[in-house]
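**Student:** One-letter residues, chain by chain:
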Amino acid sequence: MSPQSQQRHSPLEPGVVFHVHGVTKVYQMGEVSVHALRGVDLDLYNGEFAVLLGASGSGKSTLLNILGGLDTPTDGHVFYGERDLTRADEGELTEYRRYHVGFVFQFYNLIPSLTARENVAVVTEIARSPMSPEKALQMVELGQRLDHFPAQLSGGEQQRVAIARAIAKNPDVLLCDEPTGALDSKTGIVVLEALQRVNEELGTTTVVITHNAGIAQMANRVIQLADGRITDVRANASRLPPRELTW
Amino acid sequence: MKALDRKLWRELWAMRMQAAAIALVIVSGIGIFIMSLSTLHSLYQTRETFYRDNHFAQVFASVKRAPLSVLQRLEAIAGVDQVETRVVAYVNLQIEGFSDPVSGHLLSLPDNSPGRLNRVYLRQGRLPEPGRDSEVLVSYEFARAQGLEPGDSLGATINGRSKRLTVVGLVLSPEYIYQIAPGAVFPDYRHYGVLWMARKPLASAYDMDGAFNNVALTLTEGSNEQDVIDRLDNILDRYGGNGAFAREDQISHRFLSEELKQQRTIATLFPVIFFGVAAFLLNVVISRLISLEREQIASLKAFGYSNVAIGLHYGKLVLMIVGVGIVGGIGAGIWMGRGLSNMYMDFYSLPYMIFVLKPWVIVAAAVISMLVAILGTLHALRKAARLPPAQAMRPEPPALYRTTLVERLGLQRRFSQPTRMILRQIERRPLKSLLTTLGIALSCGVIMISGFQKGSIDYMVKVQFGMSQREDLIANFTEPTSLRALYSLRSMQGVERVEGVRNVAVRLQFEHRSRRTAIQGIAADAELTRLLDTRLQRVTLPPDGIILNDYLAQLLQVRPGDRLSIQVLEGSRPRVQVTVAGTVRQYLGMNAYMQREALNRLLGEGHAISGALMQVDSRYQGDIHNELRQMPRVAGVVEQRAAISSFYDTVAETIVFFAFISTLLGGCIAFGVVYNSMRIALSERNRELASLRVLGFERSEVAYILLGELGLLTLVAIPLGMAIGYGLCLYMASQFNSDLYRVPPVLDVRVYALAAAVIIVSALISAVMIWRNLARLDMVAVLKTRE
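Chains as they are written, first to last, in the numbering used here: chain A, 1 to 247; chain B, 1001 to 1787.
What you were told as hints is all true, and nothing was included just to trick you.
Here are the computed distance ranges between Cβ atoms for each label pair: (1) A/Gly-91 / B/Arg-1687: 30 to 40 Å; (2) A/Gly-91 / B/Gln-1262: 53 to 63 Å; (3) B/Gly-1696 / A/Gly-39: 43 to 53 Å; (4) B/Val-1363 / A/Gly-91: 32 to 42 Å; (5) A/Trp-247 / B/Glu-1701: 40 to 50 Å; (6) A/Gly-91 / B/Gly-1696: 50 to 60 Å; (7) B/Met-1769 / A/Gly-39: 47 to 57 Å.
Just some of the chain B residues that point at chain A, by a computed CB distance under 8 Å: (8) Lys-1002; (9) Ala-1003; (10) Leu-1004; (11) Arg-1006; (12) Lys-1007; (13) Arg-1010; (14) Glu-1011; (15) Ala-1014; (16) Ser-1299; (17) Phe-1303; (18) Gly-1304; (19) Ser-1306; (20) Asn-1307; (21) Pro-1389; (22) Ala-1390.
A partial selection of chain A residues facing chain B, derived with a Cβ cut-off under 7 Å: (23) Asn-65; (24) Asp-71; (25) Thr-94; (26) Ser-113; (27) Val-122.
Since the hints were made in silico from the structure, they are not lab data. These figures come from a predicted structure and were not determined experimentally. Positions of the beta carbon are idealized from the N, C-alpha and C atoms, including for glycine.
With the hints as extra help, turn the sequences into a complete structure.
**Tutor:** Right under this line is the structure:
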């Protein structure tokens, strides 16, 4: 990270966790170029529960991947605190993901050959000051299913294992890609409650992306994306608890 | 245990069948490697120990007759350590209940001592007692072939006189580990034996009282072997010395060394093939595993696992599979090595077998297989390590297909949609298609090696004894004789043709290269010895000059027109120069030919011959043989064809066994490659094929797309495999070449047919197994789950 770029772009506002500036992303799908992001500017704050709302193809997953250090933008800058993620090399990004970020995926991405406890252990074994896998699983109310394999768990349970896996390392930010996308509404609510509890009890900055406008009502802020651009940012005056959400 | 390692163990368990198949190929490779090398080292060690324990001589010489007083002069030669003189007689043996002619060598045993050199190893019975003149020791192999036991008796004709001998012991000798009659190519234990008896009775029967006709000696450390041989020749010359020679030229030692060389070839060639196939299979299986676990890899990276950690994770899986192969291979190798060494102990009649397993062999086997495995999977491991996490999150983009070359050439109308799918699949993954084809082709090659040995020996025998050496019997005379000796041979009943031959021991030299061999002087119009060129056309012998066989010419690096220096090793030992007139194709020995009269002139002698080649009516062959051996001037009779058929009996079982093993191994490789490729293809194209089933394709139509591809590759692989097989045989043949014989790389059409049949059957078995898998293709489930 050069001092020059820090001077030009580093976030001035206190409490800002992510500072996204002029980010564009073009990638190749086979022989087709896809413009996923077309100049995004965004700040995310410490401890907030933000929802990125957008239709399929709006670029929200791409933005989340860039925030999580899984992908790099074609142009623009992303700051995590003082750190310019767009200038970080492979090793720095790995270190960033290892110690700072928790991921929850739409399709859980559990390792089928490992039990719930072991799936969490995969992460705690390489983290700096993790909680125990058992405690993380208790937080998502799966303390009774520690030794079940993914194939023996329901979709909602699998997603809660994924959340436990994401929070077990005590991450600074929790990034969730359509965490309820593959679930029915009743199961989805259980998963969202788990996310809200983590956000409140641990104070982890949480970013959830969804195409489901109903979920937006539980967020502090709702950021709307369409065609790779931010079209609207609004703060919810009053948040609804997950069990009152409808979709 | 770390969670990630647990994942490894469980995945290994889940893919245990495939892993076992790969491990088995590695077990075969390492097993053969360790087996061959430990056998080789054991044989070397055992031979060395046997030689040392039994004081095997380093230089040998035979003379016509030398007085014992010469011994002191021999002992005085600088560099000579120990000398032992002997009486060696070529004898005819009569064994009850066995009407075939049997010959043998009868060697003198020192009186009242085990002797200084070439001591016998008593396997059964006892040594002859002093004063009991008829007691003999018999070589163990000969006794076993003839069913002789201590206490049995046999008749012998020594120097024209009959004598009754009693067997008292069966022995092994370092001098006759490979027990082969003079002039023969193959051992023939039933028709040729070696016997030992006390010196005194043998010497008096053979007119050798106070004399010897054979001497063996050892050298002091650091002495010059060639100097000693030259000094020895100088001394023995006047007593009818035949030219002394070193241990390397001793026939038993030579044959054994050649066999050991062949063992070394097997130790390298087969493991190379197996390791190659193992690398290919690992590549296929690990690549597929990594592409199936794309999302798991992405998640692990999202959690902060580094590229190196991911690469190591899959690397460990590879090493675990290889580890199983190594452990199994070492076990199998040691077991097979012990078994094979003992088999050789029996085959070569060694008194014991010292099993040698050098640590470096084990280390090399392990390191080589690890390296091969890592090399084979390096590409896949790097791909896993470098997989960008965000990209892995998204489903894989549709694989990029293109219209194939044949379609671009405008031939597409000839193909149905499924056929186009097959062709495009092959063209899209050219390297994989190529490697699959190569794997199948290699197995085809391995199978062909199995049929190669028999075909080659058949061809060698056909050319050498059917076309070139056409005599039925060779009678060697005790000393050069006048041509008149042929008349008496011609007059025998059943003799059809007799041709005189003058053989003389020589050392041929060109520039700094030299070889000890014999020149055969034959008549220009000889019918029984035909010289053949590379196209097996007859070559006429020029009146001047010498013709060498191709192997000897190649060793000396001479071409027609070159002047060759000849050191004659008998008589007045002249040194002369002769022009090379040409070369001829021969598979046995290192022979040189001249017209007999030209050779006589060269030796400064009249029309002399040293032996006769005879063509006889087969009904009288036994009688003629016996009659010849009664003649005092006939030193020995060689009957090549009998030796060959007896050799076939000896080795037929071994050849069949090895042919079976290599066919089995080849079939295993073919099955492993084809089945694994099909399994992977099925896994890769599960969704595609299930979709086609949903669209209304029948199982056979879907199977066609999947199996058609491998069918096509198999059909391409067969001719390629035949070419590889031919190459492998060519290589093996070139490695087996020696002064003693050359193995022509000849492959019968049946060998090709067998290889193709084994490949096709292996492919069909795989296809049937895949066909049953296709029946279980769950259309609904496959379409519901995400890839």
